[in-house]
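*Asks:* Take a look at the letters that make up each chain.
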Amino acid sequence: MRRKDRTYPILVGLFLLFSGAVFFTPRWFSFLLTVAVARSLVVLGVVLLMRAGLVSFGQGFFYCIGGYVAGFSSNAFGVTDAGAVVILAALGAVVAGAIVGLLLCNYRDIFFAMLTLALSMILYSVIVKNPALGGSDGFNVPPPTILGISPEAVDPRVSLPLFTFAVAFLLYALAHRYFLSGFGYAGLALRMNEIRLEYLSLSARALVFLKYILAGVLASVGGALIAYISGHVDPELAYWTTSGEFVFIALLGGTGHVLAPLAGGVVFEVIRSYAFDLAPSLWQMVLGVILLLMIIFMPEGLWSLTERFLERKRDEAAP
Amino acid sequence: MKPLLETRGVTKRFGAVVAAEKVNVQVREGEVVGIIGANGAGKTTFVNIITGYVKPTSGRVLFDGQDITGLPPRKVIRKGICRSFQIPQLFPDLTVEENLLVACTLLNRPFGKLLRPFHDGKFIERVEEALEKFHIKDYRHEPAGTLPQGVKKLLDIAMAMMGKTRLILLDEPTSGVAIDEKFPLMDTIVRSVGRNGTTTIFIEHDMEVVEHYAERVIAFYDGKVIADGETSRVLRNEDVVSFITGSIPTARREPADADS
Ligand SMILES: Nc1ncnc2c1ncn2[C@@H]1O[C@H](COP(=O)(O)OP(=O)(O)O)[C@@H](O)[C@H]1O
Ligand SMILES: [Mg+2]
Numbered sequence: 074m075r076r077k078d079r080t081y082p083i084l085v086g087l088f089l090l091f092s093g094a095v096f097f098t099p100r101w102f103s104f105l106l107t108v109a110v111a112r113s114l115v116v117l118g119v120v121l122l123m124r125a126g127l128v129s130f131g132q133g134f135f136y137c138i139g140g141y142v143a144g145f146s147s148n149a150f151g152v153t154d155a156g157a158v159v160i161l162a163a164l165g166a167v168v169a170g171a172i173v174g175l176l177l178c179n180y181r182d183i184f185f186a187m188l189t190l191a192l193s194m195i196l197y198s199v200i201v202k203n204p205a206l207g208g209s210d211g212f213n214v215p216p217p218t219i220l221g222i223s224p225e226a227v228d229p230r231v232s233l234p235l236f237t238f239a240v241a242f243l244l245y246a247l248a249h250r251y252f253l254s255g256f257g258y259a260g261l262a263l264r265m266n267e268i269r270l271e272y273l274s275l276s277a278r279a280l281v282f283l284k285y286i287l288a289g290v291l292a293s294v295g296g297a298l299i300a301y302i303s304g305h306v307d308p309e310l311a312y313w314t315t316s317g318e319f320v321f322i323a324l325l326g327g328t329g330h331v332l333a334p335l336a337g338g339v340v341f342e343v344i345r346s347y348a349f350d351l352a353p354s355l356w357q358m359v360l361g362v363i364l365l366l367m368i369i370f371m372p373e374g375l376w377s378l379t380e381r382f383l384e385r386k387r388d389e390a391a392p
Numbered sequence: 017m018k019p020l021l022e023t024r025g026v027t028k029r030f031g032a033v034v035a036a037e038k039v040n041v042q043v044r045e046g047e048v049v050g051i052i053g054a055n056g057a058g059k060t061t062f063v064n065i066i067t068g069y070v071k072p073t074s075g076r077v078l079f080d081g082q083d084i085t086g087l088p089p090r091k092v093i094r095k096g097i098c099r100s101f102q103i104p105q106l107f108p109d110l111t112v113e114e115n116l117l118v119a120c121t122l123l124n125r126p127f128g129k130l131l132r133p134f135h136d137g138k139f140i141e142r143v144e145e146a147l148e149k150f151h152i153k154d155y156r157h158e159p160a161g162t163l164p165q166g167v168k169k170l171l172d173i174a175m176a177m178m179g180k181t182r183l184i185l186l187d188e189p190t191s192g193v194a195i196d197e198k199f200p201l202m203d204t205i206v207r208s209v210g211r212n213g214t215t216t217i218f219i220e221h222d223m224e225v226v227e228h229y230a231e232r233v234i235a236f237y238d239g240k241v242i243a244d245g246e247t248s249r250v251l252r253n254e255d256v257v258s259f260i261t262g263s264i265p266t267a268r269r270e271p272a273d274a275d276s
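Chain order of the listed sequences is X and V. So in my numbering the end of the first sequence lands on 392, straight run, no missing numbers. So in my numbering the end of the second sequence lands on 276, straight run, no missing numbers.
Because the hints were derived from the structure by calculation, they are not lab data. Please note: incorrect hints may appear among the correct ones.
[To be verified] Simulated restraints on C-beta separations:
1. 164(X) to 95(V): 35 to 41 angstroms
2. 191(X) to 30(V): 29 to 35 angstroms
3. 129(V) to 366(X): 39 to 45 angstroms
[To be verified] Listed next, the in silico DSS-like pairs over lysine-lysine satisfying Cα-Cα at most 27 angstroms (straight line):
4. 18(V) to 129(V)
5. 138(V) to 77(X)
6. 95(V) to 138(V)
7. 95(V) to 129(V)
8. 77(X) to 91(V)
9. 18(V) to 153(V)
10. 91(V) to 180(V)
11. 95(V) to 77(X)
12. 149(V) to 95(V)
Glycine included, C-beta positions come from ideal geometry on N, C-alpha and C.
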């Protein structure tokens, strides 16, 4: 039996909850939450690929593109509205993804992973070596207007989180719809048996191409949001450790559901801020140990906890 | 009458190995053809070439008068040719039901419409029919990877047939299946395949099965067709007896010869 799907109401509920947190929790916490949600969009893209059996170690490529689209839009082209910039960032990812996707769709497994990594490293060095792009220091991004509302009218520390949550939860809803569509299941099929997929008249390459672009759009939008949230962009966005973190969060959350990357993202930011406060020098070790424990004891990610919980409830309900 | 399937001088070399050599075969609409031959004779390669998984070194493949040589599987399949696999090609972590639903959805929905919800009433009905027809209803909620071999074979064939099927190529449908289950399995297959006059080509090692189900037999040896014709005639053919079967069919023989 299929469980009744309550994802959409849960997404609305979470949106309201997170929005409320902006008003009723300390600033540092709502900031942390905003960062977590924006970055979890990138992770959602990683998960979308993982469900199809593809691991990208280079989502920093798109994350960085999104960040710089936001930066250059306001600093060089006078496009200062976050709504417009999010759309531009998405388009930028579509264009970039379509170009490199033509190459990537021919590769799988470790080759796919390493190629994505290579692309992000190339982008990183291009920016670092290029003063016109801000070099290794990057540059500041002024607070945007948000759908016409200027930062003077409403404090961006309020409007920006709300905007981030709105964009993110909309994309989460769309992603959920996608996971339940023919494409979503075709992705699972791609992971499990590419030969059969071809014999079901679907082009595996076309599917990889499409999924790579979609994941890129999510990463790019996440990057644009982060540029505004942090008020700054630098080439670190494309650095391989950044991309690695997204894979880390994907493993932490799991791939079973759209909400898994969100759970992973929030837990990650919380761990990070506490570990950083308590033991700044041991931060990497804390991460390493957590990853180790996750892989050994919870390879399906935090999301599997909810599955276990629901199963127990069902067993109890059974006569 | 124009043949439904025709191969003209199809040759395939893998390095020094000649897996198909000037294979000329014509199959009429509605025929049930058995293909026999020892391991490595080129039977699977023949199916791979027709369905576009392998490109022939030379020669042409025609389907319904159309040249389909070199088309990739996904385009060949759209024309109504389907195949099963010697080793069942399933989605192991998905349930039997989901395997069929994926097959049905992908085969019947154009790429542009795949954004629609996967659980579509019309397709669910067709999956239901297939579960019934292939007698695999009891396994519907089990992951495909854990099924018994015979059920895997059935699911593999059922998946292949979720789209338009004018010609079905079955690669050793009874291999790996217990001897006493071969006939029931073939009955199920033939009943669900043959009812609407679908042209059927099946590769088989068990000569009793071949005798019972094929109207016509094509015998492969070393990439070449060494005999082609009415079943009992081919099974009595001297070359076929000495190179493939080892005996005349009337004599009782051990079924299931060494094949894995
Ligand atoms: N992809 C391939 N690459 C190299 N050799 C192959 C390939 N496929 C088949 N062959 C060779 O072609 C010959 C015929 O194989 P196959 O068609 O699988 O035989 P059969 O199905 O009759 O057992 C064998 O010698 C096999 O090793
Ligand atoms: Mg074979």
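*Asks:* For the pair supplied as a hint, residue 18(V) and residue 153(V), confirm whether the alpha-carbon distance does not exceed 27 angstroms.
*Replies:* violated, 39 angstroms
*Asks:* Take a quick look at whether residue 149(V) and residue 95(V) sit within 27 angstroms of each other, Cα to Cα.
*Replies:* Given that 27 angstroms is the threshold and the Cα spacing comes to 23 angstroms, the pair holds.
*Asks:* Does the hinted range 39 to 45 angstroms hold for residue 129(V) and residue 366(X) at CB?
*Replies:* Given about 43 angstroms between the Cβ atoms, the range holds.
*Asks:* Below or equal to 27 angstroms on CA atoms is what counts here, so check residue 138(V) against residue 77(X).
*Replies:* With a Cα-Cα distance of about 20 angstroms, the restraint between residue 138(V) and residue 77(X) holds, given a limit of 27 angstroms.
*Asks:* Quickly compare the C-alpha distance for residue 91(V) and residue 180(V) to 27 angstroms and report which way the hint goes.
*Replies:* holds, 12 angstroms
*Asks:* Could you check the hint for me, namely that residue 164(X) and residue 95(V) are 35 to 41 angstroms apart, CB to CB?
*Replies:* About 38 angstroms separates the Cβ atoms of residue 164(X) and residue 95(V), which means 35 to 41 angstroms holds.
*Asks:* Decide if the proposed pair is consistent with the structure: residue 77(X) and residue 91(V), CA atoms, cutoff 27 angstroms inclusive.
*Replies:* With Cα atoms ~37 angstroms apart, residue 77(X) and residue 91(V) exceed 27 angstroms; violated.
*Asks:* For the pair supplied as a hint, residue 95(V) and residue 77(X), is the alpha-carbon distance within the 27 angstroms limit?
*Replies:* Violated: residue 95(V) and residue 77(X) sit about 38 angstroms apart, past 27 angstroms.
*Asks:* Straight-line Cα separation of residue 95(V) and residue 138(V) no greater than 27 angstroms?
*Replies:* Roughly 22 angstroms between the alpha carbons, so the hint for residue 95(V) and residue 138(V) holds.
*Asks:* Look at the Cβ atoms of residue 191(X) and residue 30(V) and judge whether their distance stays inside 29 to 35 angstroms.
*Replies:* Because 33 angstroms falls inside the window, the suggested range holds.
*Asks:* Are the Cα positions of residue 95(V) and residue 129(V) separated by 27 angstroms at most?
*Replies:* holds, 19 angstroms
*Asks:* What's the verdict on residue 18(V) and residue 129(V), does the C-alpha distance respect the 27 angstroms limit or exceed it?
*Replies:* violated, 35 angstroms
Hints 4, 8, 9 and 11, counting from the list given before, are not met by this structure.
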